[in-house]
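Q: The whole structure should be built from the sequences, with the hints applied where relevant.
Heads up, the sequence shown is in UniProt numbering, so the first residue is 1 and it goes up one at a time.
By construction, these hints were calculated from the structure, which means they are not laboratory data. Keep in mind that a hint or two might mislead.
[What the hints assert, rightly or not] For each label pair, taking beta carbons as the anchor points, the in silico distance ranges come out as: (1) Gly12 - Lys128: 26 to 32 Å; (2) Gly13 - Lys280: 21 to 27 Å; (3) Pro139 - Lys272: 20 to 26 Å; (4) Phe95 - Glu71: 23 to 29 Å; (5) Cys77 - Gly140: 55 to 61 Å; (6) Ser285 - Leu105: 53 to 59 Å; (7) Pro251 - Ser60: 42 to 48 Å; (8) Met1 - Lys272: 32 to 38 Å; (9) Glu162 - Gly243: 35 to 41 Å; (10) Lys128 - Arg255: 17 to 23 Å; (11) His55 - Lys163: 42 to 48 Å.
[Claimed, not checked] Restricting the straight-line Cα-Cα distance to at most 30 Å, the calculated cross-link-like pairs of lysine-lysine (DSS-like) are: (12) Lys128 - Lys272; (13) Lys156 - Lys3; (14) Lys217 - Lys249; (15) Lys163 - Lys128; (16) Lys128 - Lys234; (17) Lys128 - Lys63; (18) Lys3 - Lys146; (19) Lys214 - Lys163; (20) Lys156 - Lys217; (21) Lys3 - Lys280; (22) Lys163 - Lys146; (23) Lys214 - Lys54; (24) Lys32 - Lys54; (25) Lys156 - Lys58; (26) Lys58 - Lys214.
For every residue, glycine included, the Cβ atom is placed at its ideal position computed from N, Cα and C.
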Amino acid sequence: MVKELVVISGKGGTGKTSIAASIISIASNSIKLVAADCDVDASTLHVLLNPRIKHEEKFSGSKVAEINRSECIRCRCCQAVCEFNAIEDFRVDVFSCEGCGVCRLFCPVNAISLKDRESGFLFISETKYGPMCHARLLPGEANSGKLVSLVKQRAKMVAEEEKRDLIVVDGPPGIGCPVISSIAGANLLLAVAEPTLSGLHDLMRAIGLARFFKMTKVFVAINMWDINAEVSAKIVEACRNEGVEVLAKIPFDRRVIEAVVNRAPAVEYDPKSAFSVEVKHLWDSLASTLALTS
Numbered sequence: 001m002v003k004e005l006v007v008i009s010g011k012g013g014t015g016k017t018s019i020a021a022s023i024i025s026i027a028s029n030s031i032k033l034v035a036a037d038c039d040v041d042a043s044t045l046h047v048l049l050n051p052r053i054k055h056e057e058k059f060s061g062s063k064v065a066e067i068n069r070s071e072c073i074r075c076r077c078c079q080a081v082c083e084f085n086a087i088e089d090f091r092v093d094v095f096s097c098e099g100c101g102v103c104r105l106f107c108p109v110n111a112i113s114l115k116d117r118e119s120g121f122l123f124i125s126e127t128k129y130g131p132m133c134h135a136r137l138l139p140g141e142a143n144s145g146k147l148v149s150l151v152k153q154r155a156k157m158v159a160e161e162e163k164r165d166l167i168v169v170d171g172p173p174g175i176g177c178p179v180i181s182s183i184a185g186a187n188l189l190l191a192v193a194e195p196t197l198s199g200l201h202d203l204m205r206a207i208g209l210a211r212f213f214k215m216t217k218v219f220v221a222i223n224m225w226d227i228n229a230e231v232s233a234k235i236v237e238a239c240r241n242e243g244v245e246v247l248a249k250i251p252f253d254r255r256v257i258e259a260v261v262n263r264a265p266a267v268e269y270d271p272k273s274a275f276s277v278e279v280k281h282l283w284d285s286l287a288s289t290l291a292l293t294s
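A: See the structure below:
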């Protein structure tokens, strides 16, 4: 059975994707895996893994109204009931339309229909680490949780077809719908935190979300722990009170920035850096918990 590791963070900017990319790089040396980028609102994992797209499909996350002008009787009823001011001169502004369907409901001659709106794209790609499933949500589009679910479905499909051992998911930040979709069905959750008060607060919210969905294997990694040792200690204490183990305290390392600039996982850019050494230990712990050969 394919196992699933999801890397999340309570907030953005914690270094989650850098850690996820490095885990993928290390793990691929000993096991067969599939990478999945579920941060569809602002995906960046592809920057570090350099995938080659093999398959692309369109994603429709919502509807948009369309007026059949040959059937329209110019009664302006639709314009009067539209709460989003999306209809003017018997035309629909696709950027303002929310696809609620009220205009269609009130049209006396059924001249309005709801069409699928192109909201983004889903990709299945190949990397040197193995297959990768990822997506891009177009600006302003909704239903990122639905797109995340599709990414995970494709990742599981590929993993089963190619008999892969593990799916490593780079999840979105926060605790909203995309995160809920990301952690659904996961075997293990790794929450990446930064040593700031907001980082501590948002980490606790992420752990609370995992608890709500009855996840038992939840671990924490504190990234850049040494930029604020005092808050890092508070994070360790808070995790202890929640019964959550801190698997790694990763130091701040400028080589990570250089790795991102060079579009490479930090563990490959400089395998001997302080960041790389700690992430390797982190993966050993994760692999042991998942009962995978490290």
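Q: What are the numbers of the hints the structure violates, in ascending order?
A: 3, 5, 11, 16, 17, 23 and 26
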